[in-house]
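A.B. asks: Sequences are here, hints too, so could you generate the full structure?
Okay, here's what each chain looks like letter by letter:
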Amino acid sequence: MSSKKHSEFPNKPKRGFSRRGFIGVGIGSGALGTGLLEKDAEAAPAPAGIAGPGAVPVTLNINGKPMNLNLEPRVTLLDALRNHLDLTGAKRVCDRGTCGACTVILDGKTVYSCSVLAIDAQGKNIETIEGLATGNSLHPVSAAFWNNDAQQCGYCTPGFVMAAKGFLDEHPNPNMEEVKHGLGGNLCRCGTYMGVRRAVLEAAQQMKGGQRG
Amino acid sequence: MAKTPDYSWPPMERRKVIGQRFKRLDGPQKSSGRAKYSSDTNPKGMLFALYLTSPHAHARVTSIDTSAAEKLPGVKAVHVTAPAGTEVQWQGFEIAAVAATTEELASDAVRAIKVEYEVLPHLVREDDLAKAGSRAKAAGEKVTGDPDKIFQDAEAVSEGQYGIPVATHCCLETHGQVIQWQGDQVMAWPSTQDVTRWAPGLATNLKVPATNIKVSMDYIGGGFGSKFAPDAWGEVAARLSQKAGGAPVKLFLDRATEQLIAGNRPSAFAKIRIAGNKDGTVTGWHSESWATGGLAGGGSPPLPYVLSDIPNQRLTHTAVSVNAGPNRAWRAPNNQQAAYLTCSALDDFAAKVGMDPADVYDKNFMYAPKERVETYHYQLQKALELSDWKKLWKPRGQSAGPVKRGLGIGFSAWGGLGHQSQCRTTINPDGSVLVELGTQDLGTGTRTIITQVAAETLGLPMTAIKLAIGNNSLPPDSASGGSTTVGGVCASTRKASMNALAKLFEAVGPALMGSDPHGATRTDPAAESSFADFLEAVDGHIQVKDNPANSLTWTAACRKMGSGKISETGENNPRQPGGLIAQGAAGVQIADVSVDPETGVVRVNRYVAVQDCGMVINPRLAESQVYGAVIMGISTALFEQRVMDERTGRMLNPDMEFYKLAGIGDIGEIVVHMDIRPENDKRGVIGLGEPPAVAICAAIGNAVTNAVGVRVPNIPMTPRHVLNALAGRNA
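The listed protein sequences derive, respectively, from chains A and B.
Here the first sequence is numbered in my numbering, starting from 1 and rising by one per residue.
Here the second sequence is numbered in my numbering, starting from 1001 and rising by one per residue.
These aren't lab readings, by the way, just hints derived from the structure by calculation.
Positions of the beta carbon are idealized from the N, C-alpha and C atoms, including for glycine.
Worth double-checking, as some hints may not be accurate.
[To be verified] When the alpha-carbon atoms are kept at most 25 angstroms apart in a straight line, the in silico BS3-like pairs for lysine-lysine are as follows:
(1) Lys1071/B / Lys1137/B
(2) Lys1044/B / Lys1370/B
(3) Lys1394/B / Lys1404/B
(4) Lys65/A / Lys1044/B
(5) Lys1243/B / Lys1214/B
(6) Lys109/A / Lys124/A
(7) Lys1036/B / Lys65/A
(8) Lys208/A / Lys1023/B
(9) Lys1466/B / Lys1565/B
[Said to hold, decoys possible] Covered stretches of chain A (in silico footprint by chain B; criterion: 3 or more residues with CB under 8 angstroms from a CB of chain B, positions within the stretch not fixed):
(10) 59 to 67
(11) 106 to 117
(12) 154 to 165
(13) 177 to 184
C.D. replies: Now the structure itself:
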């Protein structure tokens, strides 16, 4: 197995970074109630260089929308999504950067969100599976997974779909060998790999055909 | 008063929905991330719970102090499960659990609990029986015929030792639930294979009436036989909820704990000798097997597998008790082990008499259960053909070139009789249809096949059926285990829908046929009138069988029932299968592998699976089941092993990095052939979850052995095991 995931090491918070500025943008924009603590966030002092211990204001740009949270610096991006924003498409399975069930796309690169701290994902574009579909129509990658029965229990599926989307963004014309290599960072226990292979190739065709939403 | 309808399946050529390759109905939910699993449930005010578990394989808790943990901010409840004096018998044993407002605070609280242990001696490995000492217990001997004489006089005797290790289920969604206990009411969102009986399983321990425990589960992230009961964590999470004033509590095991205590497949080892004739006929069997499934030891796999009528057998079994988490059912319990041991020994016997193993298998299928013998002959020939055996197979060790190619065969058997199931089908005056069962869809396609059966029966399109499952307020179903779901739900859905349709026929009959359906054809004036004999539901119409032009649309027909609704139940009783379902599936599989004898790396080139399962409701989903079973099997054959360290008593790989699962590039090409000949179809529905999952270690082990020329006896077929075999270090 091979992984194409980018290692995400914690970056030092940028000096001069204004969390308050972000918070201003975020007020009133959140569609989700859980964990949005604008008042707490505004009251917290902006740390310089070192965040925490204790909760700090965090702004995450998720699927094009800024989300304001108050999180301990040790909270992973995955846990921020699942436990604080009720965005549960990304799954926690190995929680150690191995299985890919938590895959999201960060500034165009697929990452294991269990291995990225939420505070380090600030200022980046975070794409989760919740942002893929437009209205009631499935994204071509999701549709291809359905068409090819690339799912059984389905717990690995959102991670696979995001990994496939990220892979196809970078490799729009893959052959089968490239698919096997490119999706090698995701694991399935039910054994849906035959369908996944076909799905990724079908999605590549569909997306080239201009049907991409 | 209508008489009992004829429930039998429509003949193959008349089916319009059953047998079609519909896409799974919950596919869009799953592939868009919208499917909500129990572990995705976040009710308002929910607390996060975590376990503290034992680092020791065997110890006594001498003291436990939770006072510091209780004082931490955000901690709402602490519950000790192993008070001082408790003897801990495996690593991962639950000591205490805490619930806090965030997961991070819960983890702080777990670290703040002080536990002292008196560490006791342990045994955690069973592969070398000689080292098990008093932990090994004789578990029976079975003798048939006169094995001693047969082995003395036999033309040929082969012998070998084979082993298949403990593997862990590694469900992607770990075991657990969200649960809320307020007063005498409990609401639970578990990850379970048994929605109907989860509440009764918990009620006794909580002393809450089962009827007050509401259970809901839309999706489950894998179970494979390990998720039936509420388990200790169901009760512990409920107690945490109660202690925290009735707040909902989420307690799902972390990955390490999942690997340690939430299920594993028992090991099996055996020394096997086979006696037989030079023409390949087996005449005697001698096996000394041993196994562990944890502290309780390990049961004997059913040897000799499938070929149970081999004469002159002597079998002994030894159960080894180890300090490791208890085993649980895993997709065809003990069948994979039995298939591996039997097929390996049979393959070695073929090599001993210098025959093609396919011929030896074919000759000895006569020892399989009589009613399945012909199926095995047929399936073997089909698998040989699909694997290009005649062209590709060479005698052991005669593969040319630096990388060796080999082929190997395995076979399987399973019951798969439909379980107890109840369905309710409701037809409303507006024509809408609701089908309800307290079952669950493990990802096998249960939602889809139920809907297909209802649509076929009512003559409606799939989209006209609304289905409700996954809740214990629905008509009771049974656990999804042992490949019993498809038969159970298909039969109960068929019956409920036919019963409802018969009521609809009575309501609509007079409009189509006048008051007496017998009319001029009545021969027995006393016969009860039954419109069901004369009407049928086809293509969205209710029509007269002999005169289809005389019909009403479904909607118009339903309007005839007035303001009420029709709601009928149907039941599957496995003791009275009634022709809708059957048991007894067979399968033959062939692996084609390449092995580099310098590195020991094994690659699967191609894998052929021939499988029957009676009448197939949905070939697309059936094939997915077989693909999945084969891929899981390839994973166990090549990679999976619970690695235990005897010195520390710990599992060295309780994770997903070193407990390795096959990835998308590790499985080669897989060819699935569903054996859906008419003679299989007419048997009725048979479960498919387990049968194709049985033979993979057997087929791959034999293929690797065929490639490198010496028996590689130990699963998984890792480079270490292959190179050890080539170096003669099997010990």
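A.B. asks: Evaluate each hint against the coordinates.
C.D. replies: Here is how each hint holds up against the structure:
no.: 1; hint: Lys1071/B / Lys1137/B; verdict: violated, 48 angstroms
no.: 2; hint: Lys1044/B / Lys1370/B; verdict: violated, 59 angstroms
no.: 3; hint: Lys1394/B / Lys1404/B; verdict: holds, 11 angstroms
no.: 4; hint: Lys65/A / Lys1044/B; verdict: holds, 23 angstroms
no.: 5; hint: Lys1243/B / Lys1214/B; verdict: holds, 19 angstroms
no.: 6; hint: Lys109/A / Lys124/A; verdict: holds, 11 angstroms
no.: 7; hint: Lys1036/B / Lys65/A; verdict: holds, 22 angstroms
no.: 8; hint: Lys208/A / Lys1023/B; verdict: holds, 24 angstroms
no.: 9; hint: Lys1466/B / Lys1565/B; verdict: holds, 15 angstroms
no.: 10; hint: 59 to 67; verdict: violated (count 0)
no.: 11; hint: 106 to 117; verdict: violated (count 0)
no.: 12; hint: 154 to 165; verdict: holds (count 6)
no.: 13; hint: 177 to 184; verdict: holds (count 5)
Violated hints, in rising order: 1, 2, 10, 11; the structure is consistent with all others.
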